[in-house]
Amino acid sequence: MGSIKRISKELTELTESPPEGITVELADESNVYEWKVIMEGPESSPYYNGKFLVKLSLPTEYPFKPPTVSFATKIYHPNVTNDEKGSMCLGMLRADEWKPSSKIAAVLQFARQLLSEPMPDDAVEGRIAEQYKNDRGRYEEVAREWTRKHAC
Amino acid sequence: MDNGDRMLCHACGGVWIRDGDLTCPHCQSEFTEIIEIPPEPPSEGSPSHRADSSSPPRVNPWVDHNPWEREPQESQERQSPGFLGSGASPFSSVHTYRSPNGRFSFSSATLDAGMPSGQRNNGPNPMVPMMIQSFDTLLQSLMEPNPRGYRGFGDDPFHPQSSTSPDWLEDDHLTGGHPGLSPRNGDAPQRININEYVMTLSVVTVSGLISGDAVYSQEELDQVIAQLVENTGGTSTAAPPASDAAIHALPKKKVNEEMMGSEGKAVCSICMDNVELGLEVTVLPCTHWFHFNCIHAWLTQHDTCPHCRRSINANTGAGEGTSENPVVIQDSPEQPRSDRRHSSSRTMRSGRSSLSSFQSRLSPRISPRRSPTPEGGESSNRRSSRGESSNGGGIANWFANRFGNSS
Numbered sequence: 001m002g003s004i005k006r007i008s009k010e011l012t013e014l015t016e017s018p019p020e021g022i023t024v025e026l027a028d029e030s031n032v033y034e035w036k037v038i039m040e041g042p043e044s045s046p047y048y049n050g051k052f053l054v055k056l057s058l059p060t061e062y063p064f065k066p067p068t069v070s071f072a073t074k075i076y077h078p079n080v081t082n083d084e085k086g087s088m089c090l091g092m093l094r095a096d097e098w099k100p101s102s103k104i105a106a107v108l109q110f111a112r113q114l115l116s117e118p119m120p121d122d123a124v125e126g127r128i129a130e131q132y133k134n135d136r137g138r139y140e141e142v143a144r145e146w147t148r149k150h151a152c
Numbered sequence: 001m002d003n004g005d006r007m008l009c010h011a012c013g014g015v016w017i018r019d020g021d022l023t024c025p026h027c028q029s030e031f032t033e034i035i036e037i038p039p040e041p042p043s044e045g046s047p048s049h050r051a052d053s054s055s056p057p058r059v060n061p062w063v064d065h066n067p068w069e070r071e072p073q074e075s076q077e078r079q080s081p082g083f084l085g086s087g088a089s090p091f092s093s094v095h096t097y098r099s100p101n102g103r104f105s106f107s108s109a110t111l112d113a114g115m116p117s118g119q120r121n122n123g124p125n126p127m128v129p130m131m132i133q134s135f136d137t138l139l140q141s142l143m144e145p146n147p148r149g150y151r152g153f154g155d156d157p158f159h160p161q162s163s164t165s166p167d168w169l170e171d172d173h174l175t176g177g178h179p180g181l182s183p184r185n186g187d188a189p190q191r192i193n194i195n196e197y198v199m200t201l202s203v204v205t206v207s208g209l210i211s212g213d214a215v216y217s218q219e220e221l222d223q224v225i226a227q228l229v230e231n232t233g234g235t236s237t238a239a240p241p242a243s244d245a246a247i248h249a250l251p252k253k254k255v256n257e258e259m260m261g262s263e264g265k266a267v268c269s270i271c272m273d274n275v276e277l278g279l280e281v282t283v284l285p286c287t288h289w290f291h292f293n294c295i296h297a298w299l300t301q302h303d304t305c306p307h308c309r310r311s312i313n314a315n316t317g318a319g320e321g322t323s324e325n326p327v328v329i330q331d332s333p334e335q336p337r338s339d340r341r342h343s344s345s346r347t348m349r350s351g352r353s354s355l356s357s358f359q360s361r362l363s364p365r366i367s368p369r370r371s372p373t374p375e376g377g378e379s380s381n382r383r384s385s386r387g388e389s390s391n392g393g394g395i396a397n398w399f400a401n402r403f404g405n406s407s
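Just so you know, the protein sequences line up as chains A and B, in that order. Residue 1 is where the first sequence starts when you use full-length UniProt numbering, and the numbers rise one by one after that. Residue 1 is where the second sequence starts when you use full-length UniProt numbering, and the numbers rise one by one after that.
Quick caveat, the hints were computed from the structure, so don't treat them as lab data. Hints should not be assumed to be uniformly reliable.
[To be verified] Which bits of chain A does chain B cover? Going by a derived footprint, with three or more residues having C-beta under 8 angstroms, they are:
1) 4–15
2) 111–120
[Said to hold, decoys possible] Derived PhoX-like pairs (lysine-lysine); straight-line CA-CA distance at most 25 angstroms:
3) A:Lys-55 x A:Lys-5
4) A:Lys-51 x B:Lys-265
5) A:Lys-103 x A:Lys-149
6) A:Lys-5 x A:Lys-51
7) A:Lys-133 x A:Lys-74
8) A:Lys-9 x A:Lys-133
9) A:Lys-9 x B:Lys-265
10) A:Lys-103 x A:Lys-36
11) A:Lys-103 x B:Lys-265
12) A:Lys-65 x A:Lys-55
13) A:Lys-103 x A:Lys-133
14) A:Lys-65 x B:Lys-254
We put the beta carbon where it would ideally sit given N, CA and C, even for glycine.
Take the sequences, apply the hints, and build the full model.
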């Protein structure tokens, strides 16, 4: 029950003063564990002008267990799986790195930061990571194309 | 970006000439790539084209391996451009798509086990039974994790001197593209990484099935990797729970002015509730404090501060494996390899549950909390791994080794 209180608190904070480029709401008003997040592509990234639907799921053990972040909108990114799940790989969300004192706002800001600065060495999509490292221009081209096609 | 580019789909492996958008026409996947070579008319599978042309288009790098080219009596076989020629040979065919710079290749192979009668009449060709046997071995090793002691792929591919590799592995046709087993053959497809290697195997076996520990497609490999990424972060590498006694032994303190900070406002960073002056909180050795109920819930899972990760065990000060208290791993050049091999043979033995055992074996390697192996344990490890290594095999094993190398 303590977790619902904390989640509601964080939700209120995020709704009242949302971080730049991030809008949150509950996917279903009766369930505080499933969030719908609209993330705008950062200006400095090939995702600029895109609006990405991100799903944030909180475990019932939250804040002792980390939330999971997945992209419902297709995105061409080394740290997001290119499948129907669109799971995002975030170091801070791994069970052994998660700290209960991390807030959802921080998670979402970190996720958005990852759009500007992918971490190819921590990638889930090896090919995209390789391309990001070796052929940045092509990576940005494809990422922009995907953004235009799926996120606009 | 023009139409007419040759496209490759990373999801299904399909190749086509681009017409408009980038979506794969076969499986609708959008994980596609332009292969930058000019489009060619589909000449594969047209024997007459090959027979007429003295220099057929180099779509098939395997043509250079034609073993009959060097034989004196090959009047009949001349008609077919080689036992691996595209659709021309009566008993086997390989279609290879290859980018001009050789960085990328994609091959599909089919093999008839039956010997063509014409071939038999013209005297035995040493390549044919060998090839059939080779593919047979290859298929078997892929289908069952542990066939008759075969361990070609289970062995470290970076140590080609391995004396136990089957003889056929030395053959260029099968290892030309394999990094490390033999000198690189410039004419063979230059497979650049495990993904394509697995992809090639998947087509050789003409299947997308998961069998035991082996994965046969990029998609399945991705799944395994994703699962590993998700799960290696499990409790195995996280801090262990604290004992109830240790939790109750933590000092309690009433919130005072100092703890309220400069803004005169403080929250418990677990429940994010404000705390009032005079409220009793539990203080960890690192001086971070929380509601007792909040910190109790965390400490029953991990014995570290949820804020700074220092151990609550005041004696050690810092958790084992932190920068203040590093774990010393014995400096033994032999150990990593034997350890790895040991882990992979275990992986193979445990069959279906092998993924989880792979994870649990993998985790200690990347875990900072790993404790040094005692000398005696290490040598017995090595001994047992040598004894078991002939049981190992399969691509998962090879992958485990490879993964171990890079992590």
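Cross-check of the supplied hints:
no.: 1; hint: 4–15; in the structure: holds (count 4)
no.: 2; hint: 111–120; in the structure: violated (count 0)
no.: 3; hint: A:Lys-55 x A:Lys-5; in the structure: holds (20 angstroms)
no.: 4; hint: A:Lys-51 x B:Lys-265; in the structure: violated (37 angstroms)
no.: 5; hint: A:Lys-103 x A:Lys-149; in the structure: violated (32 angstroms)
no.: 6; hint: A:Lys-5 x A:Lys-51; in the structure: violated (29 angstroms)
no.: 7; hint: A:Lys-133 x A:Lys-74; in the structure: holds (21 angstroms)
no.: 8; hint: A:Lys-9 x A:Lys-133; in the structure: violated (40 angstroms)
no.: 9; hint: A:Lys-9 x B:Lys-265; in the structure: holds (16 angstroms)
no.: 10; hint: A:Lys-103 x A:Lys-36; in the structure: holds (16 angstroms)
no.: 11; hint: A:Lys-103 x B:Lys-265; in the structure: holds (18 angstroms)
no.: 12; hint: A:Lys-65 x A:Lys-55; in the structure: holds (17 angstroms)
no.: 13; hint: A:Lys-103 x A:Lys-133; in the structure: violated (31 angstroms)
no.: 14; hint: A:Lys-65 x B:Lys-254; in the structure: violated (28 angstroms)
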